[in-house]
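Number of protein chains: 4
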Amino acid sequence: MFFASDNTSPAHPKVMEALAKANEGYAMPYGADPIMERVRAKIRDMFEAPEAEVYLCATGTSANAIALACLCPPWATIYTHQNSHAEEDECGAPEFYTGGSKLTLIGGKDAKMDPGHLEARIEHTARVGVHNVQRGAISVTNPTEAGATYSVEEVAKIGAIAKAYNLPLHMDGARFANAIAATNASPAEMTWKSGVDVVTLGGTKNGLMGVEAVVMFDPKIAWEFELRRKRGGHLFSKHRYLSAQMDAYLTDDLWLTMARQANAAAIRLRDGILSIEGASLLHPADANSVFASWPRAGHKRAIEAGAKYYFWPFDQSLEGSDEEMLSARLVCSWCTTEADVDAFLALIS
Amino acid sequence: MFFASDNTSPAHPKVMEALAKANEGYAMPYGADPIMERVRAKIRDMFEAPEAEVYLCATGTSANAIALACLCPPWATIYTHQNSHAEEDECGAPEFYTGGSKLTLIGGKDAKMDPGHLEARIEHTARVGVHNVQRGAISVTNPTEAGATYSVEEVAKIGAIAKAYNLPLHMDGARFANAIAATNASPAEMTWKSGVDVVTLGGTKNGLMGVEAVVMFDPKIAWEFELRRKRGGHLFSKHRYLSAQMDAYLTDDLWLTMARQANAAAIRLRDGILSIEGASLLHPADANSVFASWPRAGHKRAIEAGAKYYFWPFDQSLEGSDEEMLSARLVCSWCTTEADVDAFLALIS
Amino acid sequence: MFFASDNTSPAHPKVMEALAKANEGYAMPYGADPIMERVRAKIRDMFEAPEAEVYLCATGTSANAIALACLCPPWATIYTHQNSHAEEDECGAPEFYTGGSKLTLIGGKDAKMDPGHLEARIEHTARVGVHNVQRGAISVTNPTEAGATYSVEEVAKIGAIAKAYNLPLHMDGARFANAIAATNASPAEMTWKSGVDVVTLGGTKNGLMGVEAVVMFDPKIAWEFELRRKRGGHLFSKHRYLSAQMDAYLTDDLWLTMARQANAAAIRLRDGILSIEGASLLHPADANSVFASWPRAGHKRAIEAGAKYYFWPFDQSLEGSDEEMLSARLVCSWCTTEADVDAFLALIS
Amino acid sequence: MFFASDNTSPAHPKVMEALAKANEGYAMPYGADPIMERVRAKIRDMFEAPEAEVYLCATGTSANAIALACLCPPWATIYTHQNSHAEEDECGAPEFYTGGSKLTLIGGKDAKMDPGHLEARIEHTARVGVHNVQRGAISVTNPTEAGATYSVEEVAKIGAIAKAYNLPLHMDGARFANAIAATNASPAEMTWKSGVDVVTLGGTKNGLMGVEAVVMFDPKIAWEFELRRKRGGHLFSKHRYLSAQMDAYLTDDLWLTMARQANAAAIRLRDGILSIEGASLLHPADANSVFASWPRAGHKRAIEAGAKYYFWPFDQSLEGSDEEMLSARLVCSWCTTEADVDAFLALIS
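One line per chain: the protein sequences are A, B, C and D, in this order. Residue numbering for the first sequence follows the working numbering, beginning at 298 and increasing consecutively. Residue numbering for the second sequence follows the working numbering, beginning at 298 and increasing consecutively. Residue numbering for the third sequence follows the working numbering, beginning at 298 and increasing consecutively. Residue numbering for the fourth sequence follows the working numbering, beginning at 298 and increasing consecutively.
Keep in mind that the hints were calculated from the coordinates and are not lab data. None of the values given here were measured: they were computed from a predicted structure. Any given hint could turn out to be false.
Note that the list lumps identical chains together, so a pair holds whenever it fits in one copy or between two copies.
Stated by the list, open to error - Once the Cα atoms are required to be at most 25 Å apart in a straight line, the calculated DSS-like pairs of lysine-lysine come out as:
no., residue 1, residue 2
1, K318, K454
2, K318, K605
3, K454, K605
4, K311, K339
Taking the hints into account, I'd like the entire structure generated from these sequences.
Here is the structure:
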């Protein structure tokens, strides 16, 4: 009953096998390993983007922040949702990598950017020439930090705004696999066909030890990305171990299989919770996270039994009346079983 | 016959076992895994430093650059050898992490800092108050980029200068194990007992996939280190996989065993080369690297047979007279065998 | 009829005299001129702060951004009003000087920070340890960008919050003289007695060519300020010309006399506008700025007659019905005359 | 007898007149003043560069560092002489404005870059791809910090290297007027005709209060320069006072007249010193600075009589034998008189 985060789950056995296999003999360092060649080809295929440039990073924060630094100069601003990971959970990594750009916060339900608010803030940005920070880049997260997914149409709407203002569009895809599993969109439709310039394809939260791919549909920024990655200390000498994980991830659609398991577990969890009297959802639970409220008594039983998850917001207390509703975030992963979900539901119901 | 770099070697089987074991079940992220507790305790023991703070990074560049940023403000300078990794091989990572500090380059044989030159440059730095960059920190690398080791006494001499000027002393220990194996000094003598404030204990080049420990003998900078590591995207969510590698490294002195193998291979290589007529060493070959010259004919035979290593400097050519001396860097690792060495020597002799 | 900004006004004749006098003979550079000694003493007197450290900058943006950089590390955030100059009019100068800190935007009427909102945002900041940017500093502007002044009590309320959270409090005093003239508070009461740690005493908008004093009640940050000022290119070699302007400003209360003239003109303007049918104020007009609405017909007549001022917001149009209300910002300065005001009122009425 | 620096001299009376004249009435801020129009036109004429973009800064450090930041990305290096102002006297301003670029130090007599050494360092920079900082920009200072001037031919030689490696060439012209006065070259020949892309035309050391013009022969970087200047807090609201100084400077060749006076004084000083027995020059004294040695007895007499200048290097002492040679830097300015020089020579002879 481990719903604290998908990053608490282990790596998939096939990933471990791939690592073991990659560990044979010597390999050229810094991305010149032969596995990386395969990874590049597979990702180009997956995104139907034969010209795309592909790089690996070991953490999501680095993958996204370095990509954003290639898209937004220091004197500009990145439009991002006020609850995005970039704003709330990275200790200022985008500001660090860009050299001091601003983040302009956009509102919207379920941590999805409201297009009208986005446009209003873009308009506001550039009203006094050199005195303001300039318009830089737009960054969306799919699925969002609230567990909702953007549909292809919704991304395309943001993409159209990006195009209208000639701004690059970045997608934080830390859980990209879960978005694809949830929407059945193709990776290409979800990204470049809808106006996305750079996407990160997360693996860490979905069964890898720690690898994210940065996919640049415009290869012109690739060299700058390489330099910024190196300078940030994110170019791995024994790069083959990153390549091997990503290679396994992309083999036989392992990425999608794992994301589907996680999403299915979340749906089971969601449905179970909603059958509790008084329970409700905070957000729609489109992918592998469930944000929901149910009575304190159920929380007490679950936590006493060792279930792990976070109150959302954090500052709620187990002390108080049994009937009061407390809200929580529950995240499923590729290894969450039906039994886990059912055991948990039995406790909180 | 792979002497290109120790970073081309695989991980040790015990490290792979430890990873497999760490992969069972769920684990709290971001360094809160139980394995990290063990690692911390082992490193404190190893360095006889019960108060030391210990953090893990996945790359040497990040470990060193983040540590330096905690020691040197943006308006100060880091004294480092002109051939150090920080100066020559990190695309400006120290400048990036510090927010624009300078590197003041110190000369000295075999990439070891000349103490006299160091003092002269420190004196020079602060001669005009606010107009100059200020004195920041001193960084030594042991073993050096030229394969030489500092003795404890030599480190202590630098340590005394650091103390005299009230400057923190950092040791880049990307190959720290090789230095200890070569000198038989204790880790404590080689570091804090000789005036070192922060050392990085490298694992990547010595049998791990990619982990370095940053050991701070002064725990006061620990929180700043944590913030800078997070902000730089170097805090791993699935941290247990870093912990597990380092834990294996520290178990039954695996780190030292591997370093001794590498160093022994280098000595065998060095002695073999020196028996070639006309051959000579560029640097003393104290640890696991050999910088040596021998006739072009031998290089031709080795390279044709598939041996991998770098000319040093790079811009030498296989074209030319057989007798001319060409110089090369040869790096041994924990998995370099006597047979590898002997096969190589047979080719170049 | 020049109400575009107080920075369009000339320097006061006494300032020009002081410059001419300072221009005699040689003077030691970089702040070692004897006039700076006098300036320092006068500002210490003015603020009843004999230990305060005082530095001059030539622009308000540099004075404030460098001060903030001494108060807020790169991984922290500055709490500031969403309409502050730091957020809206400096092209990211605070982010640049701090090395990438964030600005956390606080709401509140008339561009004054709402203390409740401030506390809520401070509480929100630190809820997840190393993952968030940290609490850095609080910055208030007095008078605000909306022409309102904080009373001493209001500053003290913010000061108490700063103290409760152990955060430094900065006051952007680009128009500090106007705030003092408006409230009749003493400079000490308005600043350190109410919890302010650093204030900038603006001169540029109030009769100087371009000088601002940075007053640090805690002298411990002084050396860092000096280094950051130098490194930012803001240490003037011919510093005497900054000193001389500030010296004239502080002689015989010229600063206060000029601010009173500007404020009196604004009151006259405000009262005249309010006598127009349908006219109204957007903000209270506490100091030398008036934000007000009146019918388009009046705007047309004024602009045709050559009056200079900005619509507020910018994107209003002179095209349309005569009766519609358009809003504007009108800024008075030390040299705005009653005749100017009356001529303008005659046009718009 | 004030030879400490040209920045200790006052502003020229015509500059004061221009300021007084500029002080009449209101003027639009931030460079939109009509005087700036004239300045732009005059500088384009002066440099025979009708497309050049021209901006003003109040300090030399800001003018040069902001310009360099437009030419060199954070991950690259600026080739500059090891004794340049950028390296030795700016507390890291170039590193700050570029966001952490490196300065690669070039040797050469009299603080002039040795072209062979420059080429060797450029070659060395890029030898290992992404692992090194990249080749960024070249910066020369004319006249140098050692008082020597580059001839047009010498600049052109550096310009040819810049072109060969496709690197931008920056000239720090803090004393550009003195270089032109010394060489009789045209500003165009000394700059863009010899390959210079950006030059700063210094005024502060040569009779202004504090203004430098940044002249960009390639207007494509102009907008970035404006944003960086604003963000650095170097865009003056009351910009007319910068414009007015520069306008006076460019009227009737005042800049050249003043530089010629300064240079003539230096030649008189040089010749006088060389007539002292045992005296010698450290550098050729091409412009307005004289670096020379003469016996301690002469130094004692001069300093007792109130002469101001710096020992060079600083750490020489007045204590010791009368005959020993001590070396010094003597800087003449537009207001150094023949009488000043002769009085000084009388003391030291």
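Okay, the hints, checked on the actual structure:
no.	hint	result
1	K318 x K454	neither (44 Å within a copy, 46 Å between copies)
2	K318 x K605	between (34 Å within a copy, 22 Å between copies)
3	K454 x K605	neither (37 Å within a copy, 41 Å between copies)
4	K311 x K339	within (17 Å within a copy, 31 Å between copies)
Consistency with the previously given hints fails for numbers 1, 3, ordered from lowest to highest.
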